[in-house]
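Since chain A is already given, all that's left is putting chains B and C on it; use the hints.
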Amino acid sequence: MGGTLLLDIIIGGLILGGLYALIAVGLGLQYGVARVLNVSHGEFIMLGAFATYSLYTSFGINPLVSLVISGPIVFGLGFLIHRTLFQHLRKSSESMAAFEGTSILASFGLLFIIQNIALLSWGSDIKGYTYLAGTVDFGGAIYAQNRLLAFLFAIIIGLAFYFFLARTRFGKAIRAAAQDVDTAQLMGVNIHRMLGLCFGLGALMAALAGCLISMMFEITPLMGLPYSIIAIIAVVLGGLGNILGSLLGGLILGLVGNIVMYIHPGLSLIAYYMIFLLLILVRPTGILGK
Amino acid sequence: MSSTNNPAPKWLFPLVLSFIIIILAAVIPRFLPPYTIISLNDIFMYIVLTVSWAVFSGPTRYISLASAAFFGIGIYVSAVLGNVLPFLAAIALGGLASFLLALLVGLSSLRLRGMYFTIFTFGLSELIRHSVLWWEVNITRTVGRLVVSVDNITVYYAMLTIVLLTLAMAYFIKNSKYGLALLAIGESEEATDHIGVNVNALKILAFAMSAVFMGAAGATMATRWTYIDPSIAFNPLFSFMPVLMAIFGGVHRIYGQIIGATALTLLADMLLTKFPYYYNLLYGIILVAVILFLPQGLAGLRERMSKWRKHVLVK
Amino acid sequence: MRILEGKGVQKYFGGLAATADVDFHINQGEIVGLIGPNGAGKTTLFNLISGSIAPTSGTIMFKGENILGLKPHQICKRGLARTFQLVKLFGSMTVSQNILLACFFGKSGGVHKSDAQRESSRLLEFVGLSGTDGVIAKELTIANQKRLEVARALATKPELLLLDELMAGLNPTEVAQATELVLEIRKKGTTIFMIEHVMKAIMGVSDRIIALHYGKKISEGTPEEITTDKTVKEIYLGI
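Chains as they are written, first to last, in my numbering: chain A, 4 to 293; chain B, 5 to 319; chain C, 10 to 248.
Some hints here could point you the wrong way.
Away from chain A, derived, C-beta distances all over 12 Å, residues of chain B [said to hold, decoys possible]:
| hint | residue |
| --- | --- |
| 1 | V88 |
| 2 | L104 |
| 3 | G127 |
| 4 | V152 |
From the derived model, a few chain B residues whose C-beta atoms are all more than 10 Å from chain A [stated by the list, open to error]:
| hint | residue |
| --- | --- |
| 5 | I24 |
| 6 | L107 |
| 7 | F176 |
| 8 | W229 |
Short, incomplete list of chain A residues facing chain B, as computed with Cβ under 8 Å [to be verified]:
| hint | residue |
| --- | --- |
| 9 | L108 |
| 10 | L113 |
| 11 | F166 |
| 12 | F167 |
| 13 | M277 |
| 14 | I278 |
Hints in this document: simulated from the structure, not taken from any laboratory.
Source: prediction; values computed, not measured.
By construction, the Cβ of each residue, glycine as well, lies at the ideal position given by its N, Cα and C atoms.
Only chain A is shown next, with the shape it has when bound in the complex:
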């Protein structure tokens, strides 16, 4: 019995961790490369979730199909926001530190804007739909099909992203820029376009995570901020600027969150903060840092 419970917690934690990893990688791109600590990251998750919800409830479009529809739209939105807002801020800031400061404030304004547009369009009620709610039996442990599906897709998206980073030319350019933007620029990378694409990609990851979240949890226009915070913590856990570290950070956070949730449901967010603050104090370069 103890063994089953443990397995249950671990698998549940991996499912949650897979989602967090997607979210964290998205922010990792935005902060690690574009240097925007985007507090409104969670709002793009919320947008992805609501797009999926609306497409499913109004037009009967399968949530998995929504991945392909809402993903690119949010990607474009992210790219556009970087082009109009953050690129301008970056050019007018006298130093990178100044830009990091003002961009966190600008993203806070963005959070307000997106959240309130969502509140005006969808209202403040909690929403949800049922999709693949049936269960699967795994050696005594029972899981909802939609959770397993979400986990599967989180892995697929994560792997696809990993190969994109590791193998493609553009992915390599992104990693180079994460290390050192100036050098990447010297190597002939069109830096502003690339930062815009990274920001867009970050938003895309958020939207995909949002689609998956909407299959398993209830959603509201106010759901974004906690996810932003989870993403920030995971990114710091993995080391600021280390994109693969963000992936690992998300996974660890999901596992820890699920364990704490079994001990006391209300404590998981507090546990995240505790881990986070201790980590920043003891090892600010992250678990993978030098």
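Below, chains B and C alone, put in the same frame as chain A:
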């Protein structure tokens, strides 16, 4: 950027200030309707938060997002002790609690630089908010509390006093050698250390000083809201708004901070009454616009204008 | 009299010794040069002396007191000041504010504002920056920024001044002026320990030279002795 361009005459600031004080103190409460007094209290509150924030974060460039924690702890002190202590004692205790919390935060985070400090202070405020909430849900089993209410005029005088004390503190720190040293810390901590400034002690002390009046203001304003809970007391907006108000008015000028706090509070007030449904949305748009188009604030705009004028005159 | 004396000074970064078991001393009133190839541990030694970094082991006595492990501001208050290889001014403050701060917080401390202002104009004149009081520091030329940094260090009233590559990046005229300045500072009673790459300048100005290589002291002596030293020739001068 520098605080030394266009120095205004030294006597101008105290003179204008004392003039405004006399009007505010003696005249206004007698003739104005309660509604205006309430909105003046809001303006006072944001002036305290903004000017206090800028005492430390302005010169050192350490962007703190812990104002909500300092303000909120003042609110809670007043809520918990308000019915056993006199009003003034609650305010003083609110300031003290806030000072001690800031001392603790400063001691633990003094090694952090740049973004890490910002994230840390934000995380800490949120940790406090969630911990208090958890405590109320699981231990005391009631979320939120009632606060002993105090009449508007008393709150008004208390807030006015706190504003004046805040301004006096900001003014004296800014014009002392310690103010200059804080500015130097923002330029190069290593060099500042090497010319004999105890950088860590100064940073921690300035940070703690900047929290005192935030806490006192929290303790005072709590009595006006009558009901508070962790989401009201530790609302992250109290961390972000002072930063925006300071940027809007000009981080390096006390009068800029006052104008920034006043203008944005009035704007929020107006939006709330005219467009209750679109209030938050419009506010978000304004925040982004301020950051985008006024990175040096209104004070910076004035300096740019006068530079431009000189430029034209020379030609 | 030995104003500064280091014994067995070691600093490891990871497993690498930046300085390994270095012994050295500076006599009061001397000008001592510190030379060595890049990565020899010269700036690390300065950082250890001025308190920028904590040592792995050893002692550094300043005026008979062990200062190893003290904080930079404590060491400054005991009468030891420095400049930096890459100038570290308070860039957006004015020239005079840079110096005033050092007057307020340096060794003497508690200086009255009018005294500090007088001291500031005196120092600016001394380093050849008269009339620049109100200029924003980062708008000065590199040579003048270096002078300002020296003036700022002097404003703390040091008995020993560490100069980290004062002459790097200066043209021949400016090098000559800087050499003159170093001699003037000594004449006013401040002992000088300086890192320099400009050989001609350091040979001309130093009473004694210490050569480092891979964190170890390989030679020490008068400029003449150093230029004829076999090891130094091989390693450093590449002859």
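Going through the hints against the structure:
no.	hint	result
1	V88	29 Å, holds
2	L104	18 Å, holds
3	G127	5 Å, violated
4	V152	29 Å, holds
5	I24	29 Å, holds
6	L107	16 Å, holds
7	F176	26 Å, holds
8	W229	21 Å, holds
9	L108	6 Å, holds
10	L113	6 Å, holds
11	F166	30 Å, violated
12	F167	26 Å, violated
13	M277	7 Å, holds
14	I278	10 Å, violated
Comparing the model with each numbered hint stated earlier shows that hints 3, 11, 12, 14 do not hold.
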